[in-house]
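Take the given structure of chain C and dock chain R to it, following the hints.
Residues per chain, in single letters:
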Amino acid sequence: MQNNQNTIQAKAPQKSITERISTFFTGLYDIYKFILRFSREAFTPPYEFKEFIRQCFNMGYRSLGIISLTGFITGIVFTKQSRPSLADFGATSWLPSLVSLALIRALAPLITALIAAGKIGSNIGAELGSMNVTEQIDAMEVSGTNPFNFLVVTRVLAVTLTLPILMMYASFVGLMGSYLNINQNELTSFTSYIHDAFARITFLDIFASLFKSLVYGFTIGITGCFLGYKTTQGTVGVGKAANSSVVISMFLIFIEEIIIVQVVNAMR
Amino acid sequence: MPCDEDKSRMMPEAILHNEAKESVISIKSLYKSFGENKVLNGVNLELYKGENVVVLGRSGSGKSVLIKIIAGLLKPDEGNVTVLGERVDLLSLRELQELRLRIGFSFQSSALYDGMSVRENLEFPLVRNQRKLNRKQVNDAVEQVLHDVGLSQTINQMPSELSGGQKKRIGIARTLILKPEIMLYDEPTGGIDPITCVDINHLINKVQQQYNTSSIIITHDLTCAKMTGNRVAILVDGKIAKEGSFDDVFESQEPGIKAFYNYNFIK
Chain C
1 MQNNQNTIQA KAPQKSITER ISTFFTGLYD IYKFILRFSR EAFTPPYEFK EFIRQCFNMG
61 YRSLGIISLT GFITGIVFTK QSRPSLADFG ATSWLPSLVS LALIRALAPL ITALIAAGKI
121 GSNIGAELGS MNVTEQIDAM EVSGTNPFNF LVVTRVLAVT LTLPILMMYA SFVGLMGSYL
181 NINQNELTSF TSYIHDAFAR ITFLDIFASL FKSLVYGFTI GITGCFLGYK TTQGTVGVGK
241 AANSSVVISM FLIFIEEIII VQVVNAMR
Chain R
1 MPCDEDKSRM MPEAILHNEA KESVISIKSL YKSFGENKVL NGVNLELYKG ENVVVLGRSG
61 SGKSVLIKII AGLLKPDEGN VTVLGERVDL LSLRELQELR LRIGFSFQSS ALYDGMSVRE
121 NLEFPLVRNQ RKLNRKQVND AVEQVLHDVG LSQTINQMPS ELSGGQKKRI GIARTLILKP
181 EIMLYDEPTG GIDPITCVDI NHLINKVQQQ YNTSSIIITH DLTCAKMTGN RVAILVDGKI
241 AKEGSFDDVF ESQEPGIKAF YNYNFIK
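Chains C and R are the protein sequences, given in the same order.
Taking the working numbering, the leading residue of the first sequence gets 1, the next gets one more, and so forth.
Taking the working numbering, the leading residue of the second sequence gets 1, the next gets one more, and so forth.
Chain C on its own, in the form it takes in the complex (with noise of 0.2 Å):
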């Protein structure tokens, strides 16, 4: 037992407080860095249109499932959960304004982003992770092209303009989902409940929420290439890039959504 312990100690020594907040600071500017070159290799030509959009079809066509479920629960639920305590004020007539605020003003972007976290920036991290320790992005690289420009640039764009429209989607399926449920019980008719769901509705609500969206797809696409991209330790290290994809993601997403929120509500 004793052994044992001595063994595990020697494999994984611990870092003194003052290397953790260097490997920390190491990290960030490490991620400015590649921010950086993002931002100068994706206005440089060559332009990998066709990669793209193959990227855009694989992130938003193949999210289209996932989205339409997720979308369409949250509407129906949301509009059950609310129901009781606006019908003890007689308020039940407000559903479709209370739905499509908190639909189009949180609910999608938070809904959308969460799930693009999940499918699409694990998926990034893994690929591009498995590509680096198989030395595929070595290969590109000797062979005169821009592994950058190819892999890490197509798939941050795919994911920042794809995000905006599976965000609408999603929204439009949640009002439909919405609008069933109160259809069922409140027998209002769908020109009446369409009117009544944006009749609160305001240009800054839809504008924030596409905002939103694109910072959120900026973010994911950031991070998953990121990690993927300096993935080192084989496959044990493409498992932690997929994973620390998803984690961190939703992690930057939670404090960017408290952030616009402010920022908006200031500005409404």
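Worth flagging that the hints you see were computed from the coordinates, not collected in a lab.
Hints should not be assumed to be uniformly reliable.
Unchecked claim - Example chain R residues on the side facing chain C (calculated, C-beta under 8 Å, incomplete): (1) Q97; (2) R100; (3) F105; (4) L178.
Unchecked claim - Pairwise CB distance ranges (calculated): (5) R:Q153 with C:D30: 28 to 38 Å; (6) C:I255 with R:K206: 51 to 61 Å; (7) C:E19 with R:K75: 16 to 26 Å.
Because the structure is a prediction, the values reported are computed rather than measured.
Where a beta carbon is used, it is the ideal one built from N, C-alpha and C, also for glycine.
Just chain R now, with coordinates in the frame of chain C:
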């Protein structure tokens, strides 16, 4: 398995007699460490135009690190590497990319792109570096290199459907499509059966003749060294311990070299 094909006996006359030597790769006092581990400890090596130099050494002796420094994938701690007249460590990324078009790098793991078919793997470097080529020219170039490596039938297969030897050949074909002047082979016969190894060795010689390449071949396989190398250099303790023809090198009584020879099946 005895090997009678000693490539150093077939060395081009000019190189054999030190005449008209044109250096294409020059490595001077190269040092590289990873943390406390000193991998290269003052390596000096020249590659002359038209010759194949085999760098032999034990696993972990820094052979792969050496060619990764030549290709600019790793930076040396000290020393310099000149490839086709350019100091690799002083080049900008763009200049390095241009130089790399003149160098072919065959990876130990073949490093074929998993998500692309054989055709797409071969097209990848070509369409990105020669954008003026039309579809027919690209197809012709792909078919030509596949024919040269003897794998025309695999054109629409995915890398996962290929054997280890086939992957190595496709990896070589992918570098040949850009018609490089220098080939760097990292363990070309690693992990494949002896018969396929001989085929790969023949392919390396064919590439040298057909594409007029100068090559550095990294290996610990003495059959490969004997069959493909005009000259052999042996890396011991991070330095080139001896270089010359295959027989010259292994006549040495130095323990590091002797041990390497004695433990190889070719003894």
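Is the interface hint satisfied for R:F105? The criterion is a beta-carbon contact with chain C at less than 8 Å.
holds, 4 Å
Lying within 16 to 26 Å: is that true of the beta-carbon distance C:E19 to R:K75?
The hint (16 to 26 Å, Cβ to Cβ) holds, given that C:E19 and R:K75 are roughly 24 Å apart.
Check the following: the C-beta atoms of C:I255 and R:K206 are separated by a distance inside 51 to 61 Å.
59 Å Cβ-Cβ, so the 51 to 61 Å window holds.
Is the hint on R:L178 kept, meaning its closest Cβ partner in chain C is under 8 Å away?
holds, 7 Å
Does the closest beta carbon of chain C sit nearer than 8 Å to the beta carbon of R:Q97?
holds, 5 Å
Given the range 28 to 38 Å, decide if the beta-carbon distance of R:Q153 to C:D30 lies inside it.
Since the Cβ atoms of R:Q153 and C:D30 sit about 45 Å apart, the hinted range of 28 to 38 Å is violated.
Would the hint on R:R100 stand, with a C-beta cut-off of 8 Å toward chain C?
OK, holds: R:R100 within 8 Å of chain C, min 5 Å.
When the structure is compared with the earlier hints, a violation turns up for hint 5 alone.
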